[in-house]
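Visitor: Top line first, the protein sequences correspond to chains A and B.
Numbers 1 to 558, taken from the UniProt record's numbering, label the letters of the first sequence in order.
Numbers 1 to 558, taken from the UniProt record's numbering, label the letters of the second sequence in order.
Hints are computed from structural coordinates only; laboratory data are not their basis.
If chains are identical, the list can't say which one is meant, so a pair holds when it fits in one copy or spans any two.
Quick list of in silico lysine-lysine cross-link-like pairs, DSSO-like style, CA-CA up to 27 Å:
#	residue 1	residue 2
1	241	107
2	251	319
3	4	251
4	241	251
5	107	4
6	251	107
Owing to the predicted nature of the structure, the values given are computational and were not obtained by experimental measurement.
Number of protein chains: 2
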Amino acid sequence: MAPKTDIEIARAARKLPIQEIGARLGIGAEDLVPYGHDKAKVSQRFIDSVQGRPNGRLILVTAINPTPAGEGKTTTTVGLGDGLARIGKNAAICIREASLGPNFGMKGGAAGGGHAQVVPMEDMNLHFTGDFHAITSAHNLLAAMIDNHIYWGNALDIDQRRVVWRRVMDMNDRALRDVVTSLGGVANGFPAQAGFDITVASEVMAILCLATSLTDLERRLGDMIVAYRRDRTPVYARDLKAHGAMTVLLKDALQPNLVQTLENTPAFVHGGPFANIAHGCNSVTATTTALKLADYVVTEAGFGADLGAEKFMNIKCRKAGLAPDAVVLVATVRALKANGGIPKEDLGAENVEALRTGCANLGRHIANLKAFGVPVVVAVNHFVTDTEAEVEAIRAYAADQGAEAILCRHWAQGSAGIEDLARRVADLADSGASAFTPLYPDEMPLFEKIETIARRIYHAGEVTADKAVRDQLAAWEAQGYGHLPVCMAKTQYSFSTDPALRGAPSGHVVPVREVRLSAGAGFVVAICGQIMTMPGLPRVPSAESIRLNAAGLVEGLF
Amino acid sequence: MAPKTDIEIARAARKLPIQEIGARLGIGAEDLVPYGHDKAKVSQRFIDSVQGRPNGRLILVTAINPTPAGEGKTTTTVGLGDGLARIGKNAAICIREASLGPNFGMKGGAAGGGHAQVVPMEDMNLHFTGDFHAITSAHNLLAAMIDNHIYWGNALDIDQRRVVWRRVMDMNDRALRDVVTSLGGVANGFPAQAGFDITVASEVMAILCLATSLTDLERRLGDMIVAYRRDRTPVYARDLKAHGAMTVLLKDALQPNLVQTLENTPAFVHGGPFANIAHGCNSVTATTTALKLADYVVTEAGFGADLGAEKFMNIKCRKAGLAPDAVVLVATVRALKANGGIPKEDLGAENVEALRTGCANLGRHIANLKAFGVPVVVAVNHFVTDTEAEVEAIRAYAADQGAEAILCRHWAQGSAGIEDLARRVADLADSGASAFTPLYPDEMPLFEKIETIARRIYHAGEVTADKAVRDQLAAWEAQGYGHLPVCMAKTQYSFSTDPALRGAPSGHVVPVREVRLSAGAGFVVAICGQIMTMPGLPRVPSAESIRLNAAGLVEGLF
Numbered sequence: 001m002a003p004k005t006d007i008e009i010a011r012a013a014r015k016l017p018i019q020e021i022g023a024r025l026g027i028g029a030e031d032l033v034p035y036g037h038d039k040a041k042v043s044q045r046f047i048d049s050v051q052g053r054p055n056g057r058l059i060l061v062t063a064i065n066p067t068p069a070g071e072g073k074t075t076t077t078v079g080l081g082d083g084l085a086r087i088g089k090n091a092a093i094c095i096r097e098a099s100l101g102p103n104f105g106m107k108g109g110a111a112g113g114g115h116a117q118v119v120p121m122e123d124m125n126l127h128f129t130g131d132f133h134a135i136t137s138a139h140n141l142l143a144a145m146i147d148n149h150i151y152w153g154n155a156l157d158i159d160q161r162r163v164v165w166r167r168v169m170d171m172n173d174r175a176l177r178d179v180v181t182s183l184g185g186v187a188n189g190f191p192a193q194a195g196f197d198i199t200v201a202s203e204v205m206a207i208l209c210l211a212t213s214l215t216d217l218e219r220r221l222g223d224m225i226v227a228y229r230r231d232r233t234p235v236y237a238r239d240l241k242a243h244g245a246m247t248v249l250l251k252d253a254l255q256p257n258l259v260q261t262l263e264n265t266p267a268f269v270h271g272g273p274f275a276n277i278a279h280g281c282n283s284v285t286a287t288t289t290a291l292k293l294a295d296y297v298v299t300e301a302g303f304g305a306d307l308g309a310e311k312f313m314n315i316k317c318r319k320a321g322l323a324p325d326a327v328v329l330v331a332t333v334r335a336l337k338a339n340g341g342i343p344k345e346d347l348g349a350e351n352v353e354a355l356r357t358g359c360a361n362l363g364r365h366i367a368n369l370k371a372f373g374v375p376v377v378v379a380v381n382h383f384v385t386d387t388e389a390e391v392e393a394i395r396a397y398a399a400d401q402g403a404e405a406i407l408c409r410h411w412a413q414g415s416a417g418i419e420d421l422a423r424r425v426a427d428l429a430d431s432g433a434s435a436f437t438p439l440y441p442d443e444m445p446l447f448e449k450i451e452t453i454a455r456r457i458y459h460a461g462e463v464t465a466d467k468a469v470r471d472q473l474a475a476w477e478a479q480g481y482g483h484l485p486v487c488m489a490k491t492q493y494s495f496s497t498d499p500a501l502r503g504a505p506s507g508h509v510v511p512v513r514e515v516r517l518s519a520g521a522g523f524v525v526a527i528c529g530q531i532m533t534m535p536g537l538p539r540v541p542s543a544e545s546i547r548l549n550a551a552g553l554v555e556g557l558f
Numbered sequence: 001m002a003p004k005t006d007i008e009i010a011r012a013a014r015k016l017p018i019q020e021i022g023a024r025l026g027i028g029a030e031d032l033v034p035y036g037h038d039k040a041k042v043s044q045r046f047i048d049s050v051q052g053r054p055n056g057r058l059i060l061v062t063a064i065n066p067t068p069a070g071e072g073k074t075t076t077t078v079g080l081g082d083g084l085a086r087i088g089k090n091a092a093i094c095i096r097e098a099s100l101g102p103n104f105g106m107k108g109g110a111a112g113g114g115h116a117q118v119v120p121m122e123d124m125n126l127h128f129t130g131d132f133h134a135i136t137s138a139h140n141l142l143a144a145m146i147d148n149h150i151y152w153g154n155a156l157d158i159d160q161r162r163v164v165w166r167r168v169m170d171m172n173d174r175a176l177r178d179v180v181t182s183l184g185g186v187a188n189g190f191p192a193q194a195g196f197d198i199t200v201a202s203e204v205m206a207i208l209c210l211a212t213s214l215t216d217l218e219r220r221l222g223d224m225i226v227a228y229r230r231d232r233t234p235v236y237a238r239d240l241k242a243h244g245a246m247t248v249l250l251k252d253a254l255q256p257n258l259v260q261t262l263e264n265t266p267a268f269v270h271g272g273p274f275a276n277i278a279h280g281c282n283s284v285t286a287t288t289t290a291l292k293l294a295d296y297v298v299t300e301a302g303f304g305a306d307l308g309a310e311k312f313m314n315i316k317c318r319k320a321g322l323a324p325d326a327v328v329l330v331a332t333v334r335a336l337k338a339n340g341g342i343p344k345e346d347l348g349a350e351n352v353e354a355l356r357t358g359c360a361n362l363g364r365h366i367a368n369l370k371a372f373g374v375p376v377v378v379a380v381n382h383f384v385t386d387t388e389a390e391v392e393a394i395r396a397y398a399a400d401q402g403a404e405a406i407l408c409r410h411w412a413q414g415s416a417g418i419e420d421l422a423r424r425v426a427d428l429a430d431s432g433a434s435a436f437t438p439l440y441p442d443e444m445p446l447f448e449k450i451e452t453i454a455r456r457i458y459h460a461g462e463v464t465a466d467k468a469v470r471d472q473l474a475a476w477e478a479q480g481y482g483h484l485p486v487c488m489a490k491t492q493y494s495f496s497t498d499p500a501l502r503g504a505p506s507g508h509v510v511p512v513r514e515v516r517l518s519a520g521a522g523f524v525v526a527i528c529g530q531i532m533t534m535p536g537l538p539r540v541p542s543a544e545s546i547r548l549n550a551a552g553l554v555e556g557l558f
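Work the whole structure out from these sequences, hints included.
Guide: Set out below in structure tokens:
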């Protein structure tokens, strides 16, 4: 018999009514805003009511640099949540929402895998609770108001060539990357170069994920820079009086979504900012709410630890006043062999030597994470082709770096396969060993912040930037934005800016090609390479095979 | 004390949990898919399970030609539903969903008014249950797949100049009416003229509102024409294999939404196609489901009876096998005076003579509706400035035309003010007097169908059309589309195509400027005048004053 697919396992799940999941966290049915029988938002009223409670332990799951072999970060996040519940802990997980558009390009988009998944999978990969649609609406309302303002006389004196606010759509549509708008004559406005990004790239998404309240949300939306005048002074969303209406459009979306794992562990699935031009973490409201309701909250960050964990620490934790109590670094035998130079088709064969070479990547991440003052444990996400010698090699290597590596079989076994990790993580988180500190202080100049990340996390030898980039950073510092953290946008496949450079390269050059100010989200983006903010569909999009079958079930989405 | 505003009345409503509203219709909680505590979708499973039941009575509410004075068609639909419930009938109402975008232009968008409203008003004017977002996604997925197909080699040989599928957004954004896409070089495709309509103008919206099942929905989506080849042969959505994925995106949206009136009468609020380029009625699934669950179903159609009721009869009823048992024609003293030539600022003063002149508009609609074989009653929607002499003049005029006119005070009094109408409508609907027949047979040639509507409903003297238009109609007939009904797109303010021509003009010319084929929805659109499918924002958009107040309530939306 063939092993069950993710979707078969998910459909066989014994889901509990969402009210029972809420009850496990002490949320009454009246404070759950249901979306169907298996999804709910937690009411703002309830969130406000628990603010005085102490926080549970915060556990970050991150990973080595991603490889085509797959690491299973989300799977491990889900499995660890289930594992903690299995050993009797009151646990919850916090992960990001999936973007709808890309699911119609490549097969999507599951939340976890095997016996460590969040359900309902179909809904989470389609409209879910409508959060991303709300972000799209709020974003595009602002865009319409900008052009409308210019149309009716441009009292704010916007330089139409310097409108930096693009439009968004939750769709892979390369035709919209570069467009000219307002053609067709007087009634349609002034023609302008414009374009669309995918919704997850919107600054509104980043703001939704960093806002701590509706008031904070509205303030941040107002702070967004949408254009510049001829004299280069910024025009803000609040100058267009757009932030109030945008907040109204986002008021439901700000409430975190509650669903469940296959083993009925509460799962907050909320927000999904890009992990390159934004910080790549689930929402602050979800994480802080979960910490009030559960004793252990397991969350994850986008990409590998060099990008995801760094931003989690320096942006999300700093901004939200959070401090992780333990970090789980996910690795697989296959991915470490890939880091050791083995091509994908040969990853199934035992190769301890290549594995040891690839472990340099693991070691670098362990050291980087320890530099944040947090205790680290390595989760070896088991794959069927792994050999005992390979697993043992990772254990030995990690021990040398001062971290325990624990084999986990949650993909195949669910929580039963991850008890060891769960116990170790709970002990670490309870130990008080964490002395979290961000990598750099707020007052450090912006370019120095970039250099600090590049040197200490990427082990780069040099950071280069044009005079224009340095001048721009200086101008923002003069305007009062110097205290912001920086958000690095670079390839996730390497510590360097060359995706082919695996392992643990050192001494490379990090070129900062462009900088952008997300004044509402509250960070400066440093772009080190090509960043695609509107994907395209492949030659044969998965949409062609997505359909409802005779039983009314979705086929082709997974 | 100032009279309460609509929003104050709505907020003071004693809403019941949506499960209690469902129970009144015999829908169990397990068959309601909740969206919050006061909104739900009715599950497809439940809808399938009631197909064998007999239908209740179907009552259409329509109106004289709209004027700036306001007629209160939706208010009367809601009030009549409440009135029927008050006299002990098992009643439900069916109305359309509101479009989000326009609410940020002009103050929106209430569902009814005074003491005859549907709640929750804020949600209904914002994202509601996400149906329109789903339509936007499905529509734009198809657009992306068309450009993607051309990008990857254009195996279907699409003539890129003849792509007729535009994109949509639920936003008033004039800058998107005419755009050029795919700029920026090789990786972004082939530059093309394109544009956006507002979501309610999408053929997908019309299809969602006419589809009788998920299977029918998928078939219709596949039937949509998206482009033509150089040889003018059509390219269908099914040629791009887009219809399956679009159906998946729309599977929840097809399920009708259940909410309630201020007096807790069940209200289905589902679908909202344009009333000019589409048929302007709520969904067939909502209406047919309501007819299985309630003894009396009150619904409405867009604009005045010349457009709305005509399309309700000739498109919706014909397609769905429905037959109205009674029609309520809404008029107001003020609107009839406006039809009699009185400017808006003078409508508050008694003027029986002008009223009698304006009654010609009422009389024409009564005669037109009777021509469909349905019994008609006139609802005089009371306004505070109406005098007894004016109301009496309408009564006398209507009686001359063979219709009873009944004064209704539901706006001020709720169901207590509309008991008389409710009793009369119930009697009429029960009387078996209805002998509904559409205006023209399927097999009539397309241009003759247009002429039939123009002559018999509009009392036009002539219909004109270029050779190109006539040739196009002939070509569609040759392709097998001759059996479709026609959907007239003309001004709603007059029986003629001149919005200033009030009353009951005769002998005018109706110029058909353009025809469009909605092959999936199943009608041919005849455009008689300028039709705007993407609105713009006004100089001071209402968005500027929309915000959350300190109590967390939405201000400025109504």
